[in-house]
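K.L.:
Could you put the whole structure together from the sequences, leaning on the hints where they help?
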Amino acid sequence: MSQKTKRIIERAIVPSVLTIALISVCFWGISESTQAENYKQTTESVYRRVFTELCDDFSNMEVALSKLRAASTPSRYILLLDDIWRLSGSAVSLMSQVPSSHVDTNELNSFVVRVGDYSHALTKKLLKGEALSEDDTKQIKALQEKCAEISEELNVRLADGNFPITALDSEGFFTSSQQDGDNYKDTEGINEFPTLIYDGPFSESTEKAQAKGVTGDNVSEEEALEIARSVLEVSGEPSQQGFSNGTIPSYDFTFEDEKGNYADISITRQGGMLLWAMKSSADGAAQTETASNEPTHNTNSSSAQKNSTSSPTDNTEQGNKDNTSEPNKNETQKLNDAALKKLIKLGFENMQPTYAQYYNGVVVINFAATQDDVILYNDLVKVWIERSSLEVVGIDARNYLFSHTQRELKEPQITLEEAREKLSKELNVQDSNIALIPLTPQTEVLCYEFKATIDNDEYIVYVNVETGEEEEIYKIINTETGQLVI
Amino acid sequence: MEFNKRKLAFLLAIIVLVCSTLAPVAYAAVYKVGSRGSEVKTIQTKLKRWGYYTGSVDGIFGSKTKEAVIRFQKKNGLTADGIVGNQTLKALGMSTSSSSGSSSSSGNLYLLAQLVYGEARGEPYKGQVAVAAIVLNRVKSSSFPNSIPGVIYQSGAFSVVDDGQINLTPNETAIKAARDAMNGWDPTNGCLYYYNPAKTTNKWMLSKPVKLVIGSHAFF
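Which chain is which? The protein sequence lines are C and B, in order.
Counted from 1, the first sequence has number 209 at position 209 by my numbering; the numbering is strictly sequential.
Counted from 1, the second sequence has number 107 at position 107 by my numbering; the numbering is strictly sequential.
Treat the hints loosely; a few may be bogus.
To be verified - Computed Cβ-Cβ distance ranges for the label pairs, DEER-style:
| # | chain 1 | residue 1 | chain 2 | residue 2 | range |
| --- | --- | --- | --- | --- | --- |
| 1 | B | A198 | C | T479 | 35 to 43 angstroms |
| 2 | B | K203 | C | I454 | 55 to 63 angstroms |
| 3 | C | T43 | B | T201 | 23 to 31 angstroms |
| 4 | C | E226 | B | V33 | 51 to 59 angstroms |
| 5 | C | T332 | B | G51 | 26 to 34 angstroms |
| 6 | B | G164 | C | V46 | 17 to 25 angstroms |
| 7 | B | P209 | C | K40 | 38 to 46 angstroms |
In short, the hints are calculated from the structure, not lab data.
All figures in this text were calculated on a predicted structure; none of them were measured in a lab.
Beta carbons are placed, not taken as given, at the ideal position from N, Cα and C, and that holds for glycine.
P.N.:
As structure tokens, then:
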């Protein structure tokens, strides 16, 4: 290479490459920061909108609650309560969008949810022809005052522009909780919420409900281990054991076999009852992994398509008949029998299969307890069965333990025929039963159950055996993986 | 001259490096010789079960795995290139991002599975179901939003939402864990929170009594 070329490279090319690089980096930087600014503006606008709407919801909720105190007729009450329910729903949705952590929002969230839940419970009460009680009047007053306080506080902050607009500066916005060393304490009045007594899905009494079916003396860990062994039909020592202090305190054990498959089980401390048990294979991909048949895997023919479903997860067993597809009657019978056999062995008497879900080569059958041929829909035991081997691979008795007791069943005041007369003329009744269904979390009603169809849609309608009132309507949605009851 | 050339090469290398680190990371769902990870393990497990693969299930895509993939592709009328792309993944019955969330009824399930995969893919199966159960317990609680997306995308609730791992394609195990939780299995016994004691610095979390421990997560 000549001296000249060398000089050209040194004097011209190198500096110009460097300059071009510098300029392009500058341009890139400017465009990036403009873009970041745009994003920031957009997010901030969203947060401003959310916060402003939230303030509006609180103001409107306060107004509706105060009108409620001034109203006197049921129809007016219902219209206002309906409005409060709607506003509460909207406020809860907005609360989940503010850039504040759940630790910060959860008490206020809980308050707003309960205001709505309570209003809805009152609506139901009024629709049944009952009047608002003195306690209700007191509670409404307390709610209105609290709402006014929150609304004022938030509107002041809105006026000052003092509200969280980025996720970073929002810690402790709603609670004003201050960190005092390792202790957290709440400082402002916004945290003290009135206690509401009512019966609804989010009421305090429901969230703190005790398990009615758990009875007897406390068992020791050794006794629990013995029970665990007999349920799982294993011997030997668990690879892990511990105590869980959840809603139902329990001893938890994990057994591992030589192939690395797990069996997990939870036994209640009180009474030594089975809470749940579940088997899974080493990599967790569970029971389907043990299926050994399937020498050729066939995806090309239309015959494979017949049995297959389009579920994204389950195409594995396209050629394998017993996967996600609905079973035939014969198989359903076999699955139910296998599950019932295990349930009886475990001491669950008089169980009846209700609905089922099929996925990954297993079926989950929901069994409900029965008492004098009445189906107790709250007392559910779920049984997981591997479809290829009919082996019970999981049991969950949580619902059963929460609600199972001997019920006092009322005498029907109307006959099945009379109840049937009351149904919509559009319904084509296929089957009927008598069942105890949950009306609210803490009340159950005895109903006639009618399984019926309109065109090709399936419904379940419940008619109160005493009043003849239509208590509940469910629509059954048949999905690829089983029935959904909505 | 040699010196200048090196200088130039160095400079260009720096520019390339800077630009490439700034480019968004793409998660390509293609597995070929050299790929590693749990998906490769799943591919090997499936191929082994169906008799295409005889090597060890080690999560490393080597020449033996490639041969097995080619045999599988030939048998199933796919392009026999030994590369596991969308078509082959589909034939293997593994979810691909394109086929995911196709039906609205499974939208919540899929989102829950994405959270499980992002938060707990290294955990024992029970621990994965437990993470899904936490979300469902929150939906039922008055203190939290009342929908699965509401709970998952709540500000600061899950770190995988902030760092984008929530958008990874969940594996079958995560989807099954989400399903088992939706069917009622709650290994946490009613808990609403969990954290990783080795990673968290959140004093509020650490100040609460732990109710149980599964894998590397503490629940309360």
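K.L.:
Next, verify each hint and record whether it holds.
P.N.:
Here is how each hint holds up against the structure:
no.: 1; hint: A198(B) <-> T479(C): 35 to 43 angstroms; result: 40 angstroms, holds
no.: 2; hint: K203(B) <-> I454(C): 55 to 63 angstroms; result: 57 angstroms, holds
no.: 3; hint: T43(C) <-> T201(B): 23 to 31 angstroms; result: 25 angstroms, holds
no.: 4; hint: E226(C) <-> V33(B): 51 to 59 angstroms; result: 52 angstroms, holds
no.: 5; hint: T332(C) <-> G51(B): 26 to 34 angstroms; result: 31 angstroms, holds
no.: 6; hint: G164(B) <-> V46(C): 17 to 25 angstroms; result: 19 angstroms, holds
no.: 7; hint: P209(B) <-> K40(C): 38 to 46 angstroms; result: 40 angstroms, holds
In summary, the structure agrees with every hint in the numbered list given earlier.
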